[in-house]
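Taken in sequence, the protein lines are chains A and B. In this text, residue positions in the first sequence follow our numbering: the first is 1, and each later residue adds one. In this text, residue positions in the second sequence follow our numbering: the first is 1, and each later residue adds one.
Honestly, the hints are just simulated from the structure, not real lab data. The model shown is predicted, which means the values in this text are computed figures rather than measured ones. Misleading hints may appear alongside valid ones.
Lysine to aspartate or glutamate pairs mimicking EDC-like chemistry, simulated, CA-CA at most 20 Å apart [claimed, not checked]:
{"no.": "1", "chain 1": "A", "residue 1": "LYS217", "chain 2": "B", "residue 2": "GLU242"}
{"no.": "2", "chain 1": "A", "residue 1": "LYS206", "chain 2": "B", "residue 2": "GLU138"}
{"no.": "3", "chain 1": "A", "residue 1": "LYS186", "chain 2": "B", "residue 2": "ASP49"}
{"no.": "4", "chain 1": "B", "residue 1": "LYS85", "chain 2": "B", "residue 2": "ASP49"}
{"no.": "5", "chain 1": "B", "residue 1": "LYS28", "chain 2": "B", "residue 2": "GLU54"}
{"no.": "6", "chain 1": "A", "residue 1": "LYS63", "chain 2": "A", "residue 2": "GLU31"}
{"no.": "7", "chain 1": "A", "residue 1": "LYS214", "chain 2": "B", "residue 2": "GLU95"}
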Amino acid sequence: MTIAIASGKGGTGKTTLSVNLAKLVSATYPEAETVLTDLDVEEPNSGLFLNSEVVDEQRVTRKIPEWIEEKCTYCNICRDVCQFNAIAVLPNQVLVFPELCHSCNACVGLCPENALRMTDHHIGRLKHMTSEKLNFVEGELKIGEQQAVPMIAQTMDYSREKFPESALHVYDAPPGTSCPVIESVKDADYVILVSEPTPFGLHDLKLSVKTMRKIGKRFGVVINRDGIGNNDTVEYCREEGVDIIGRIPNMTEIARKYSRGELISSIPEVREQLFHILENISQITGQSVLPGQKEEE
Amino acid sequence: MKELVIISGKGGTGKTSITASFAWLAAKESVVADCDVDAADMHLLLAPDFANAETFYSGLTAEIDMDKCIRCNKCVKVCAFDAIKRVNGDFVVDELDCEGCGYCERICPTQAVNMLDALSGHTYISTSRLGNTMVHAELAIAAENSGKLVTQVKNLAKNQAQEQQKNYLIVDGSPGIGCPVTASVTGADYVVVVTEPSLSGLHDLKRAWDLISHFTLPAGVIINKADLNPEITEQIKTFAEEKSMRLLAELPYNENFVRAMTQAQTIMEYDRELKTKINGAWNQLQEHLEKAT
């Protein structure tokens, strides 16, 4: 089972929910394999809440073209086929702009002289860590790199190759509604949209709902900081037939613990809601979120 | 005309509420741009009239004409994004995966692939309820945010500010460190980072700084919810001082941020204490921007 946790608006508690849910499951069901993957590669913050040990670390690259001077006839085909303006042909030189390149391979494949070849371009790094029973994979995009999607895709691939199908995967997705989010929820069986019951939160939730419907994902809403703002979010969900699968109360204690990078699943009201969320997902999807036996400590 | 861009790295720090407050303070002498096109919320506070709507296309999407297709499979083989799928013997392009590179179009022996303009969203040149011009956009559902729509919003706003001979262009920037935020800060005279004293806030401030220094832009910091964790607030201040980022304001944790939002008002119209502090930040910004001329 793969659960992706996303939100249109940033700062609504997406990371908080991801970390606490994954950590709680891994502690309560030590038999089952639980993997948290931080796909918010522009701002990976899940790790700030976990004491973890690094098991594996990898440089992440994507392919970009490299010019082979001796073979080039300056025919301009590479420049003309590039839709992303990533290639410039000067009188005695061909320039490649890595940050504009989408790694489509058209210039390499269509060069009549084989004067371009694909080479590795460093875009970030990923780490596999363990925090007690929890496996944690984090992708981090290098500053100056503009495309998050290749970094997200490779982080996700790593996680899926390393851990079996039977594991519970929790994805901390990036905020927003465009390509990085869509990439992150692609493999998910269920998407949790975290929202705040405020006008900004609701506006962005509506965009997320439309996006999930367009790409055909099963999803539900968790209201965070329940009690602030107004009742419009609840009414919207009712009118649209969107499931509200949990509500995290607005508590100063949560905000303070969060600011220090502490987990909040020890707070009884939160703990109860986290289990409630998992039960709801099991019920809605008809699949058990939690393989293995429950072992209370 | 001076361009001021407000960013945050981390979401939920109050960036848009603070940007709208600056827009309120400089209503007569500014044009406002909402470049957070992924989650454009400033219109909820400034009530623009959604005038001058324009459809914006960015990039291309492939489409396969099955009448011309001879099922040679070449397009499938060259597509680096696995965007061409076989459905019941037909070749179908998944528009979410297609990056619009056009490799398939060029390799197709029967010209069965057409490259079509991809809808990116809509832009608006509106008048806000404050009376100033506000440029904003709606990203199409599940569209790509390549930064091109952000650049388009900024360029439209810049033209407006110049035509109307305004002193300031006030920009609500995008989150993160990728293409949308890069497009937001390009060309700025000053960048304000709105942060909060949490480990995540500090972490993202550092990444925002790396991005800003990549572009060598002068920058200042506003610490929102400063009393939530005094220790980290101190760490933020130390960091800002080391990097020569001016501390523009420290705002207390205050639920009037949310209350003002539910009333569709800016903080300036709602809370006297916050108003004084944001006013102070604005005065410092003005001073700095004028000196920079």
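- Task: Hints the structure violates: just list their numbers, smallest first.
- Result: Checked against the structure, the hints that fail are numbers 1, 3, 4, 5, 6, while the rest are satisfied.
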